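Guided by the hints, dock chain B onto chain A, whose structure is given.
Each chain, letter by letter, is given below.
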Amino acid sequence: MKNWLRQHALCLAATLGRLTRTPLASLLNVGVIGVALALPLAFYVVLANVQGCARANAPTPQLSLFLKIDAPAAAAREIEARLKKHEGIAKYRFIARDQALADLKASTGLADVIASLNRNPLPDGFVVDAKENSAAVLEKLRDEFKAWPGVEHVQLDSAWARRLDATLHLGRLIVLGLAALLAFALVAVTFNTIRLQMLTQRAEIEVAKMIGATNPFVRRPFLYYGALTGLLGAAVGWGIVWGGLRLLNDRLAGLGQLYDAQLRLTHLSLPDTLSLCLFAATLGWLGAWLSASRNLAELEE
Amino acid sequence: MISFSQVTKRYPGAGGGYEALKSATLDIQPGEMVFITGHSGAGKSTLLKLMAAIERPTSGTVLVNHQNVSTLRASALPFVRRNFGLMFQDHKLLYDRSVYQNVVLPLNIIGYNAAEAGKRVRAALDKVGLLAKEKAMPVTLSGGEQQRLAIARAIVHRPSILLADEPTANLDAAYALELGELLRSFNQVGVTVVIATHDEQLQSRLQPRCIALAQGRVTQ
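Chains as they are written, first to last, in the working numbering: chain A, 1 to 301; chain B, 1 to 220.
Simulated from the structure, these hints should not be mistaken for lab results.
None of the values given here were measured: they were computed from a predicted structure.
C-beta atoms are modelled at their ideal positions from N, C-alpha and C, and glycine is treated no differently.
There may be inaccurate statements among the hints.
Some but not every residue of chain B turned toward chain A, in silico, with C-beta under 8 Å [stated by the list, open to error]: (1) Leu72; (2) Arg73; (3) Ser75; (4) Phe79; (5) Arg81; (6) Gly111; (7) Val189.
Chain A on its own, in the form it takes in the complex (with noise of 0.2 Å):
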C-alpha cells in the first residue's frame, strides 16, 4: 500500500515535471481545453442567472378558490383552518361574497347591471399564495383544493410559471448538447496529446515493458497528464468566464441605472464549480487512457 502511494506520488511529480519542461505546448493544450469548456460554462452561468433573476421577480401566481355559492359561512371558516394549517401555503386572504360584489361594482362601472340583480352571483373565496411557484407544485396545489368539501372552482394562472418551465428547460437542453460535443472535443484533445506524448517515448516505453514494467505502470503517467491538463483547463474556462462576468457587470450595472434597476450576473457556485473540476478531470483521464490503451495494445502486437 505504502508502496503504491509512493509510485503514486512519483507519478505526479514527474508529470508536474513534464508539464513544466515543455511550458508553450502545455499551455496551448490547456488553453484548448480551457476556451472549449468556457463556451457551455458562460451559457450555463447566464441561464442560471436568468432562472434566478426570473424567479424572484416574476409576479407571484395565485391560487383563487371559490366556494359553492350556497355554502355556508361555518364552510368557509373550515377552509380557512385548513389552509391555515397548510405548510405549502405562504399567505391566504379571504374575501367575502358580499366584498366581490361591492368591489366589482367600484371597478368595472357595470354598477346599473349589479344592481339591477336581485341576487349576489357571486361566491366567497379566498386568494392564496404558494409557497413554491413551479408549476408543478401549483397544479398539485390546485388538485388538492378541489378535493375540499365546500370548493366549487379552484382557478390557477399557471401559463407564465410554464412558459417558464420550458423555456429554461429548453436552455438547459441546450446546456447540455455543448456540454456532450465539447466533453468530446476534451476528450479527442488529450487522445491525441497523449499519443504524440506516447510516440516520442516509444522508446523509453519499450525498453520499460522489455524490463518488466506492467501495463499500469506505462500508463499511469499519461493518466496523470490528462487528469491535469484536464483539471487545468478547467481553471482556464472558469477564468475565461470570470473575466468574462467582470466586463459584462460593469456594464451591466450602468444600464441597471437606466431602469433603476440592480443588474448584476454572479459566477458558478462553488458545489457548480467542483464538478466543473471533476468533470474536466476525468474527461482527460478518460482521453488518455483510451489512447494510452490504445498505444499499449499497438506495441504488443
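Okay, now just chain B, sitting in the frame of chain A:
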C-alpha cells in the same frame, strides 16, 4: 532454470512467414554460464527474447523458473521478465535521461523507495566504474562507458539471470576482455549468465558451455 522443449518461433510475413527458431530444445541450469553462438540470423536474438518472455513461442514450451511462459496470462509476463537483467545489442539507453535515471528505471518499475533505490544504483554504478558520472548524460559517454551503463542497468535489481546480446560487438579487444571479466564476476556470485555472441576470443577466455545455432536449429 530455463528450459526449452521443441520451441519454434515463426514471425508472420510473406510466403508463410519466417521461422527464426526451429524445434529448439535446451536446458540451462542455475549458476551456469552459457554462450549462444552462431552467425547473424541464426536465431540467437530470438532465443534470448523467448527466454526473457519478451516474445512467446509459436509452438513448444518455454519454462522459466518452472513457469510456463507460453501459457501465462499477458499481465503476468512483466513479473517473469523481472527475473532477468537484459543487455541489448544496441544498449537501448534513454538518451534524454541522466546516467542515474537510466539505471534507476528497473527499480522504479519494481517500486523501490528512493533511498533504497539510490543505494542500489550507486552500488551498480560503482561495480561498472561509472560512479563519478551519475549526473552525466549518456551521449557524453564513450562507447565502452555506454556499454557499462547498460550493464549497470541490467544488474541494478540483482536479477538471477543475466542475458546479453552481442555485448562485445562494438568494443575493441581490451574493452571486450574487461567486459568478459565483469560478466565472469557476476557468474561467480551465482548469477546465471547467458550471452549471445560470435566473439571467439571471449569464448576461449571464459570457457563457457556453448549452444550453437545454425539457421534456427540447435546443432550442438
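Outcome of the hint check:
1. Of the supplied interface hints, the one on B/Leu72 is violated, with its beta-carbon coming no nearer than about 13 Å to a beta-carbon of chain A, more than 8 Å.
2. For B/Arg73, the interface hint is violated, the least distance from its beta-carbon to any beta-carbon of chain A being 12 Å, above 8 Å.
3. Because the closest C-beta pair between B/Ser75 and chain A is about 7 Å apart, less than 8 Å, the hint holds.
4. The beta carbon of B/Phe79 is positioned within 8 Å of a beta carbon in chain A (closest approach about 7 Å), and the interface hint is therefore held.
5. A least Cβ separation of about 4 Å between B/Arg81 and chain A falls short of the 8 Å threshold, and the interface hint therefore holds.
6. Below 8 Å, beta-carbon pairs count as interface contacts, and B/Gly111 has one with chain A at about 5 Å; its hint therefore holds.
7. Annotation: interface hint on B/Val189 violated; nearest CB of chain A at approximately 21 Å, more than 8 Å.
Violated hints, in rising order: 1, 2, 7; the structure is consistent with all others.
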